[in-house]
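Enquirer: Chains as they are written, first to last, in my numbering: chain A, 8 to 144; chain B, 8 to 144; chain C, 8 to 144.
Calculated directly from the structure, the hints in this document are not laboratory data.
Among the hints, a few may not be true.
Intra- or inter-copy, both count: the list cannot distinguish identical chains.
Dumping the calculated SDA-like pairs for lysine to any residue here, alpha-carbon to alpha-carbon at most 20 Å [to be verified]:
#	residue 1	residue 2
1	Lys-104	Arg-85
2	Lys-55	Ser-22
3	Lys-92	Ala-128
4	Lys-55	Gln-18
Since we're looking at a predicted model, the values are computed, not measured.
Residues per chain, in single letters:
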Amino acid sequence: MPTFHAHIAAQTFSSEEKRGLADALNLALHEAMDTPMEDRFIIITEHKEDEFFIHPTFPEMKRSEKRMLVTVTTGISRTVEQKRKLAELVTRYAVEKAGVSQDDISLLIYAIPLENMSFGAGKLVSDAELSMPWVNK
Amino acid sequence: MPTFHAHIAAQTFSSEEKRGLADALNLALHEAMDTPMEDRFIIITEHKEDEFFIHPTFPEMKRSEKRMLVTVTTGISRTVEQKRKLAELVTRYAVEKAGVSQDDISLLIYAIPLENMSFGAGKLVSDAELSMPWVNK
Amino acid sequence: MPTFHAHIAAQTFSSEEKRGLADALNLALHEAMDTPMEDRFIIITEHKEDEFFIHPTFPEMKRSEKRMLVTVTTGISRTVEQKRKLAELVTRYAVEKAGVSQDDISLLIYAIPLENMSFGAGKLVSDAELSMPWVNK
Numbered sequence: 008m009p010t011f012h013a014h015i016a017a018q019t020f021s022s023e024e025k026r027g028l029a030d031a032l033n034l035a036l037h038e039a040m041d042t043p044m045e046d047r048f049i050i051i052t053e054h055k056e057d058e059f060f061i062h063p064t065f066p067e068m069k070r071s072e073k074r075m076l077v078t079v080t081t082g083i084s085r086t087v088e089q090k091r092k093l094a095e096l097v098t099r100y101a102v103e104k105a106g107v108s109q110d111d112i113s114l115l116i117y118a119i120p121l122e123n124m125s126f127g128a129g130k131l132v133s134d135a136e137l138s139m140p141w142v143n144k
Numbered sequence: 008m009p010t011f012h013a014h015i016a017a018q019t020f021s022s023e024e025k026r027g028l029a030d031a032l033n034l035a036l037h038e039a040m041d042t043p044m045e046d047r048f049i050i051i052t053e054h055k056e057d058e059f060f061i062h063p064t065f066p067e068m069k070r071s072e073k074r075m076l077v078t079v080t081t082g083i084s085r086t087v088e089q090k091r092k093l094a095e096l097v098t099r100y101a102v103e104k105a106g107v108s109q110d111d112i113s114l115l116i117y118a119i120p121l122e123n124m125s126f127g128a129g130k131l132v133s134d135a136e137l138s139m140p141w142v143n144k
Numbered sequence: 008m009p010t011f012h013a014h015i016a017a018q019t020f021s022s023e024e025k026r027g028l029a030d031a032l033n034l035a036l037h038e039a040m041d042t043p044m045e046d047r048f049i050i051i052t053e054h055k056e057d058e059f060f061i062h063p064t065f066p067e068m069k070r071s072e073k074r075m076l077v078t079v080t081t082g083i084s085r086t087v088e089q090k091r092k093l094a095e096l097v098t099r100y101a102v103e104k105a106g107v108s109q110d111d112i113s114l115l116i117y118a119i120p121l122e123n124m125s126f127g128a129g130k131l132v133s134d135a136e137l138s139m140p141w142v143n144k
């Protein structure tokens with residue numbers, strides 16, 4: 008259940024671009040961490056001009072007005088290679104599908120154990136693990 | 008200071024239901040982790056249709072339009088049994104008090120040490136710990 | 008790339024106060040953790056009355072209507088002394104620059120490794136570390 012939260016500037020993305028961004032995050036996750044495409048948990052928040060401060064160039068970056076902060080929460084079993092791939096593909100597909108620039112996506116990855124997640128029904132993923140072999144793939 | 012953040016679809020919950028959701032999270036925490044009822048730190052964010060993508064059925068779930076993502080940050084001392092109880096009660100009380108369905112609440116739990124929290128006054132909880140015996144109960 | 012997210016009550020802060028809050032967080036970070044002033048990644052979210060529940064007095068606090076929840080994500084190398092300083096300065100400067108009261112800021116600190124962050128360009132900070140000696144200062 009890797010879960011994304013993208014923070015973007017208000018009135019900077021069209022509805023189509025926001026949906027494209029969600030598709031980009033979904034596809035990047037699928038390819039980097041081998042999750043099913045249905046494992047799609049993505050939320051986006053818009054912030055007004057006086058609520059959004061992402062430095063345009065620090066450090067040695069060229070961010071556009073479409074710069075954003077993306078957080079993703081994944082299981083602790085993910086390897087550095089998977090995270091490297093995720094960072095690479097999130098940017099690649101967001102450039103393709105949401106019109107952002109190469110340096111626009113700042114990413115934070117939070118790793119938590121399966122006992123700290125629930126897909127629903129009031130049950131922890133760790134307790135339901137046996138029937139979900141793909142959880143940690 | 009366990010702190011909840013619920014992400015819901017815009018225009019899907021009445022004001023009364025949002026308040027009921029907060030009450031549900033508060034009560035679930037109290038019963039699962041033995042916190043005082045006054046230990047109530049809950050925020051809710053609404054997301055528009057093009058900002059909210061929670062899969063309706065993955066994996067083997069039947070989520071309604073009232074599906075949501077809830078995050079909660081707690082101290083690292085919480086046991087698996089407490090987390091299991093929290094997941095169970097969050098759903099049970101949200102069904103009762105906010106009209107959600109059984110599979111609607113996806114939950115992520117972030118565990119952080121007391122030195123990473125402050126209730127206010129610019130002081131870490133770990134530095135004030137002796138006067139707050141209930142912090143880790 | 009320490010990143011702040013402040014959750015405030017809607018219609019409680021002027022635009023000038025929100026900008027002052029961002030400046031306060033930026034300056035507190037700079038002084039507590041020796042980051043460059045350009046290392047400025049701050050987002051603010053407003054919550055309506057039925058989406059914002061921060062207890063006004065628990066525990067032994069006197070919070071105003073300007074009370075807020077602030078989260079900050081930093082690298083795992085930060086010391087307790089740095090966190091203590093950060094909590095102290097965040098409150099001090101927010102009182103000065105955003106008109107909040109002494110007890111108004113509840114803080115949660117999330118610590119993640121450098122391999123879990125990207126400034127942009129699809130690269131993890133850990134992979135780019137050598138050219139950014141200030142990252143962990």
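Enquirer: Each of the hints needs a verdict: does it hold here or not?
Expert: Cross-check of the supplied hints:
For a Cα distance limit of 20 Å, the shortest separation of Lys-104 from Arg-85 qualifies neither inside one copy, at 25 Å, nor across copies, at 37 Å. In this assembly of identical chains, Lys-55 and Ser-22 lie within 20 Å of each other by CA distance both inside one copy and across copies; the values are 16 Å within and 10 Å between. Proximity of Lys-92 to Ala-128 under the C-alpha cut-off of 20 Å is restricted to the inter-copy arrangement: shortest distance 12 Å between copies versus 32 Å within a copy. For the homomeric pair Lys-55 and Gln-18, the shortest alpha-carbon distances inside one copy (8 Å) and between copies (13 Å) are both at most 20 Å.
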